[in-house]
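Which chain is which? The protein sequence lines are A and B, in order. Following our numbering, the numbering of the first sequence begins with 1 at its first residue and continues without gaps. Following our numbering, the numbering of the second sequence begins with 1 at its first residue and continues without gaps.
It is worth saying that the hints were derived from the structure and are not from the lab. Note that the coordinates shown come from a computational prediction; the quantities given were computed from them, not determined experimentally. Some hints here could point you the wrong way.
Partial pick of chain A residues on the chain B-facing surface, computed with a CB cut under 10 Å [stated by the list, open to error]:
1) P11
2) R13
3) S44
4) I46
5) I73
6) D74
7) E100
8) R103
9) A134
10) L136
Sample of chain A residues at the chain B side, in silico, Cβ under 7 Å [stated by the list, open to error]:
11) T69
12) L101
13) A104
14) L105
Note that beta-carbon positions come from the ideal geometry of N, C-alpha and C, so glycine has one too.
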Amino acid sequence: MTSMLIGLGNPQRGDDAVGLAVARRVAALELPDVDVVEVDDPISLIDTWCDADPVVVVDAMSSRQPPGTVRAIDVTDQSLPDDGRSAGGSHALGLATAVELSRALGRLPARLVVVGVEVHGVSTGSELSAPVRAALDSAVSAARRGLEGGGA
Amino acid sequence: MTHKLTTGDHILAADPLARVEGEGAMRVVVTDGQVEHVELNIFEPPRFFEAFLRGRAWTEPPDITARICGICPVAYQMSSCLAIEEACGVSVPEHIRLMRRLLYCGEWIESHALHIYLLHAPDFLGYDGAVEMAADHRELVERGLAIKKAGNALMTLVGGRAVHPVNVRVGGFYRMPTRHELLGLRPQLERARDAAVATVSWVAGFDFPDFEQPQEYVSLRSPWGYPLEGGSVVSSTGRSFEVADFSSVVVEQHVARSNALHAHLDGRTTYVVGPLARYALNHDRLSPLALDAARAAGLGAECRNPFRSIVVRAVELVYALDEALRIIDGWRDNGPASVLVPPAAGIGHGATEAPRGLLYHRYELAADGTILDAVIVPPTSQNLASMEEDLRRFVATRLDLSHDELTLRCEQAVRNYDPCISCATHFLDLTVERS
Chain A
1 MTSMLIGLGN
11 PQRGDDAVGL
21 AVARRVAALE
31 LPDVDVVEVD
41 DPISLIDTWC
51 DADPVVVVDA
61 MSSRQPPGTV
71 RAIDVTDQSL
81 PDDGRSAGGS
91 HALGLATAVE
101 LSRALGRLPA
111 RLVVVGVEVH
121 GVSTGSELSA
131 PVRAALDSAV
141 SAARRGLEGG
151 GA
Chain B
1 MTHKLTTGDH
11 ILAADPLARV
21 EGEGAMRVVV
31 TDGQVEHVEL
41 NIFEPPRFFE
51 AFLRGRAWTE
61 PPDITARICG
71 ICPVAYQMSS
81 CLAIEEACGV
91 SVPEHIRLMR
101 RLLYCGEWIE
111 SHALHIYLLH
121 APDFLGYDGA
131 VEMAADHREL
141 VERGLAIKKA
151 GNALMTLVGG
161 RAVHPVNVRV
171 GGFYRMPTRH
181 ELLGLRPQLE
191 RARDAAVATV
201 SWVAGFDFPD
211 FEQPQEYVSL
221 RSPWGYPLEG
231 GSVVSSTGRS
241 FEVADFSSVV
251 VEQHVARSNA
261 LHAHLDGRTT
271 YVVGPLARYA
281 LNHDRLSPLA
291 LDAARAAGLG
301 AECRNPFRSI
311 VVRAVELVYA
321 LDEALRIIDG
331 WRDNGPASVL
341 VPPAAGIGHG
351 ATEAPRGLLY
361 HRYELAADGT
371 ILDAVIVPPT
381 SQNLASMEED
391 LRRFVATRLD
401 LSHDELTLRC
411 EQAVRNYDPC
421 ISCATHFLDL
431 TVERS
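Just need the whole structure built from these sequences, with the hints factored in.
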């Protein structure tokens, strides 16, 4: 089965776009058998990821860590830590809900890893912040480890 | 979170509100058995879109404003296109209007299916949310997601993407889908329409609190059917005015506790936009299938119980699918994908019916097309005052409910509006960025 890298985020909300930036870097690597997609509505992930394995989702994260901190979480068998809001965005239903709804509907990929990058700012119209830009290489590496079946 | 004060008075609070787009909180204070104070707090960071638009080119608002809301980008694109085309003295030909209407149907399908199945139904069935509901009612959630997916497919074909369409431009589209491509969607849309009819009878069977709202209803009314992509403004008290007069009738006021502006008619009358208003003022424009579904669900000429908005939303879901199929069946491949919209100095207004209600845009352009001023009045900010009024009246007659029950009902009273808090948030200081 094809593996999939999903970048999640809003390109006009500063560091919320980090998932998209990582997805573009991975796409440029032209890895064999890896689909790279960009998504900005988390609930559509349920249909996007159900036929791929493994799947890595890269998203902005807000968890009181230093900006640029990269964290990989394997959510195949555990829930994503979530305080009720989707990281960095203002979506109706966030990534954590998409993961759990997929699990309840039996549509979760056999292996699903979330790579989070801690944000510095998500104000409208801003660019990626310096600490998040500096973390892109490490986020790409974490995503590749996830795609190769390890790293979380 | 709820608190009980040692004095025996109650403060009901839900902080933050779950299952509304963006972030918000509400506060209801009851003293001596009377509702003393009701407020909806908006603490989504202020959005700078209106200021952000100043100095940009006249061609940019459809792409920029689409990012205001992840749920209703088409509404922002359509209202901005209408306003800019009016400022430039251009009106688009009939086939472009129809394709816009088709795209808008896709957004209604996506948005209404999401709200009915994943955000609102859990309230009526006693679940905390969609995930908990899915554990017991997997087939129902699958049905809702399948309807939403049909909307996604329509948005992807016409808009170029399922979310934040990239195919829309001032003057029309970058590329028109072909009749052949559109017909390819037919089977999926037909299945979704059947599922939508089933949705109406499902939600019509829910238990609804006995509650009616007296507020004035406001929506667009158009010669092209149930209102979506344009029209003029009408109300349940007989008001009727052109979109160009919107900002002289609707007065927005800043409320200190909130980043959002509250809108009133003539600066004092609270009003409601959205499915209940559209239905009351346009049910004669529904298709026969949608009208039959409404009658079978027990809806009369108007519905004033906001808790039953889920039924009206389901009727609109039937209509959007029916209308999409009608447009596809009549589609002929001819005419350009867009018309030229040369810049001109002037002011233009545009209003369309977003899933949550009337969305108004106004732009002032310089002769070279530079945007000098932009005003966006989203449906949720128009409904904020009514949400507070509903809460005040609803709580006043239900003080006998348990604390948890009353809190849940209040949250539900807010979710009736499918509020999009992030859209509703304005930044008041509009002059700071002016250069």
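For this session: Just pull the numbers of the violated hints for me, sorted ascending.
Result: 5, 6, 9, 10 and 11
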